[in-house]
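K.L.:
Sequence:
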Amino acid sequence: MAIDPAYRLRWADFPAAEHQARVAKAQRLMADQGLDLMVLLQKENVEYFSGFLTNHWDSKAFPTAAVVLPAAGEPILVLPGFLAGTAFATSYFDQLRTFDEPHAKPREFADVLISTVRELGGAKPRIGWERGDSLAPRWNYDDWLAIMPTLVGEAEILSAAAVIWGCRAIKTPLELDRLTWLTELTDQALLETFADIAPGVTEFEVGTRIAQRMMDRGAEGTQFRNIRAGHDRYHCSDSNPTQRPLAKGDMLVIDVGAQFNGYCTDVAYTVLLGEPTARHREVWEVTARAQDAAVALCRPGVPATEPFRAAVKVIEESGLPTLDMIGHSIGLDPHEPPILDAYNTAPLQAGMFLSVEPWLYDPTGLGIFALEEHIFVSDDGPVTVSRVPRDELRWVPA
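Each position in the sequence shown, counted from 1, maps to that position plus 215 in my numbering.
Hint data in this document are derived by calculation from the structure and do not stem from the laboratory.
Please note that the accuracy of each hint is not assured.
Estimated spans, in silico, between C-beta atoms of each pair [said to hold, decoys possible]:
#1 Lys339 with Pro604: 54 to 64 Å
#2 Ala319 with Glu289: 22 to 32 Å
#3 Ala236 with Gly489: 49 to 59 Å
#4 Gly433 with Tyr558: 35 to 45 Å
#5 Asp453 with Arg602: 34 to 44 Å
Within a straight-line C-alpha distance of at most 20 Å, the following computed EDC-like cross-link-like pairs (lysine to aspartate or glutamate) qualify [unchecked claim]:
#6 Lys528 with Glu500
#7 Lys275 with Glu323
#8 Lys463 with Asp577
#9 Lys275 with Glu316
#10 Lys275 with Glu371
#11 Lys528 with Asp507
#12 Lys463 with Asp507
#13 Lys528 with Asp556
#14 Lys275 with Asp315
#15 Lys463 with Asp556
#16 Lys240 with Asp315
#17 Lys240 with Asp309
#18 Lys463 with Asp447
#19 Lys463 with Glu435
#20 Lys339 with Glu369
#21 Lys528 with Glu497
#22 Lys463 with Glu490
#23 Lys528 with Asp539
#24 Lys528 with Asp577
#25 Lys339 with Asp326
#26 Lys320 with Asp357
#27 Lys275 with Asp326
#28 Lys339 with Glu371
#29 Lys339 with Glu420
Glycine included, C-beta positions come from ideal geometry on N, C-alpha and C.
Throw the hints in and build the complete structure from the sequences for me.
P.N.:
Listed below in structure tokens is the structure:
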């Protein structure tokens, strides 16, 4: 099919300068790491550097796309020929390498990727691979078997994690605008839906109303809907909402994220059905203080362990069970480095967009107290982006 040149970049998400700056930063970091090129197959990394947007990633028959990004020069997007028009309309990469028979055996994708690596890498290149923290390239195992023995024999395979997260962890101004807008529409959808919560309404109905309200405000949909209530459901971590009706005494956990062109939110709140007791108020107060203590230390140069330790200190002093993490970065993935836990000593940096989330479980039987909100780290310290009121435990008459 002939493509009208007028359609070039018609449906691109960000301006050309955004992706050009991302590639340039990656190439500087690659030089620091001694990498000759990177091979990227993970959806989020392909999107981040190339701008290529497609909904084909759920297909597992063959890789949707790969980026081969050299330490100098122009990167190349490898993809099946039928997606070339989508790349033409969304990706700023001028060079494409296509394979026209993605289902062929032997795997045609393997031949194209290997030839592209040879073209850009030269003899015995040092290749940065998606190996390490929070990286998982999209492979069909048959493609992996067709490619890796050849590359291992011809190249040195190293981790590209320092380059990838050196770019993606620090959000650009356009990314911060996108994430702030998504947080605002998430907040609005939640505040409207809080008014619908009552005994007899199901978890599924709550999730559906949140999703619809997010989309009414411009989101593509939800990244996830972790919604559960009651003692028969508290233990079901990260589960989809069910047809279980809400009842008096339930603590309704709402942990949701909106999504637009890959970027997502991740916030959580608790709503009590019925008037809170003194113990409810006490545990919620500990939850909010733990979050405040963590947020206060989300400053440039502070090791990621310090916000974690500050929150844990508040929780330990209350006698409640402690946590193994209290937050994470967010962007194209709902969980990105840095993770705020006991192990990550890397310093926080200005431009990081974080989800801070002390979740407390009351062992006396009240339930789960969830609080997860967005901040970004500025040069002057933390800036809270979430705007849902949380000074007191939210509750509805039951």
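K.L.:
Which earlier hints can't be squared with this structure?
P.N.:
Numbers 5, 10, 12, 15, 16, 19 and 29, in rising order.
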